[in-house]
Amino acid sequence: DQQVKQNSPSLSVQEGRISILNCDYTNSMFDYFLWYKKYPAEGPTFLISISSIKDKNEDGRFTVFLNKSAKHLSLHIVPSQPGDSAVYFCAASTSGNTPLVFGKGTRLSVIA
Amino acid sequence: GAGVSQSPSNKVTEKGKDVELRCDPISGHTALYWYRQSLGQGLEFLIYFQGNSAPDKSGLPSDRFSAERTGGSVSTLTIQRTQQEDSAVYLCASSLVQGGYGYTFGSGTRLTVV
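Protein chains in written order, with the numbering used here: chain A, 1 to 112; chain B, 113 to 226.
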C-alpha cells in the first residue's frame, strides 16, 4: 500500500509559467516532508522541505505548501525554467527517525 | 570523499549469478541507506544502517538480498541468485544524523539481469 502518492506521472509547462506538483500521503504519523529532484543518470538531490508545524516554506522560486487536514502537499515552481525539467519525488518521514518514504515521482517538462 | 560514490555504475549479469554493489558514503556520515528504483516505480527502501546499531532490514524484498557496512563506512549490497525482477537502479544515500533529514544520494548502480 503506497503511503506517499504522486498521481500525476508527468506534467508539461511553458517556460515562465507556474509548475504545480502534487503529493498525497496516507500515514498521519508523517511530520516531515521533502521534495527531491532527479536528472537522468544522477541520484536525487534535495530541493526543499517542510515540517508539519508549518504550512508553507519558500526558497527562491520554490515553495512547498502543506495541508495536514487533507494530507496533501504541493510544490510550486515559479517562474518555471527549462533547467527545471526533471523527475520530482515527494518524500515523507516520521519525526526524522524513519527512512524516507518516497512517491513514484512526477516528470516535469518545461518547454521553452 | 566529496559525495556518495557507488560502483559499478552499470552491471549486466546473467540470471542466477550473484552480484555485489558498493557504496562509499560521505566521510563522517553515520547513517547509510539503500533504495532501489524499478522501471516506473518510486524509490523503494531496502535497508538502513545507523552507526553501530543493528541495521533496519525491513525493506529487503527476499532473503537473496543482504547488506553489510564495514567499519561504519563502506557498504556492500549483495544479491544472490539474481532474477530478472531484480533489474533496477540501486541507490545509496548517506546522512549526517539518523532519520529522514539531509540525505545525499549517489548516482546509483543500474543492474540489468538477463
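Derived from the structure by calculation, the hints contain no laboratory data. From a predicted model like this one, the values you see are computed outputs, not experimental measurements. Among the hints, erroneous ones may be present.
[What the hints assert, rightly or not] Calculated cross-link-like contacts (lysine to aspartate or glutamate; reagent style DMTMM-like; alpha-carbon spacing at most 25 Å):
(1) A:K71 / A:E15
(2) A:K56 / A:E42
(3) B:K169 / A:E15
(4) A:K5 / B:E132
(5) B:K169 / A:D84
(6) A:K5 / B:E156
(7) B:K169 / B:E197
(8) A:K71 / B:E156
(9) A:K104 / B:E197
(10) B:K123 / A:D55
(11) B:K123 / B:E180
(12) A:K56 / B:E180
(13) A:K5 / B:E197
(14) A:K5 / A:D84
(15) A:K5 / B:E180
(16) A:K54 / A:E42
Now for the hints, and whether the structure bears them out:
1. For the suggested pair K71 (chain A) and E15 (chain A), the alpha carbons sit about 29 Å apart, so the restraint of at most 25 Å is broken.
2. Proposed proximity of K56 (chain A) and E42 (chain A) is contradicted: the alpha carbons are some 28 Å apart, above 25 Å.
3. The suggested pairing of K169 (chain B) with E15 (chain A) is violated, with an alpha-carbon distance near 43 Å, which exceeds 25 Å.
4. Taking the CA atoms of K5 (chain A) and E132 (chain B), the gap is about 31 Å. The hint is violated against a cut of 25 Å.
5. Our distance criterion of 25 Å between C-alpha atoms is broken by K169 (chain B) and D84 (chain A), whose separation comes to about 35 Å.
6. As the CA atoms of K5 (chain A) and E156 (chain B) are separated by approximately 13 Å, the hinted pair is consistent with the 25 Å bound.
7. Restraint check: the Cα-Cα separation between K169 (chain B) and E197 (chain B) comes to about 19 Å, which is no more than 25 Å; the hinted pair holds.
8. Distance hint between K71 (chain A) and E156 (chain B) is fulfilled; the C-alpha atoms sit about 21 Å from each other, no more than 25 Å.
9. Taking the CA atoms of K104 (chain A) and E197 (chain B), the gap is about 18 Å. The hint holds against a cut of 25 Å.
10. Between K123 (chain B) and D55 (chain A) the alpha-carbon distance is near 43 Å, which puts this suggested pair outside the 25 Å criterion.
11. Proximity of K123 (chain B) to E180 (chain B) is assessed by CA-CA distance (about 20 Å); at most 25 Å being required, the pair is judged to hold.
12. Using a Cα cut-off of 25 Å, the hinted pair K56 (chain A) and E180 (chain B) is violated, with the two alpha carbons roughly 39 Å apart.
13. For the hint pairing K5 (chain A) with E197 (chain B), the CA-to-CA distance comes to about 23 Å; that is within 25 Å, so the pair holds.
14. A threshold of 25 Å between alpha carbons decides the hint, and for K5 (chain A) with D84 (chain A) the separation of about 21 Å falls inside it, so the pair holds.
15. Between K5 (chain A) and E180 (chain B), the direct Cα distance comes to roughly 31 Å. Violation of the 25 Å bound is thereby established for this hinted pair.
16. Taking the CA atoms of K54 (chain A) and E42 (chain A), the gap is near 30 Å; set against the 25 Å cutoff, the hint is violated.
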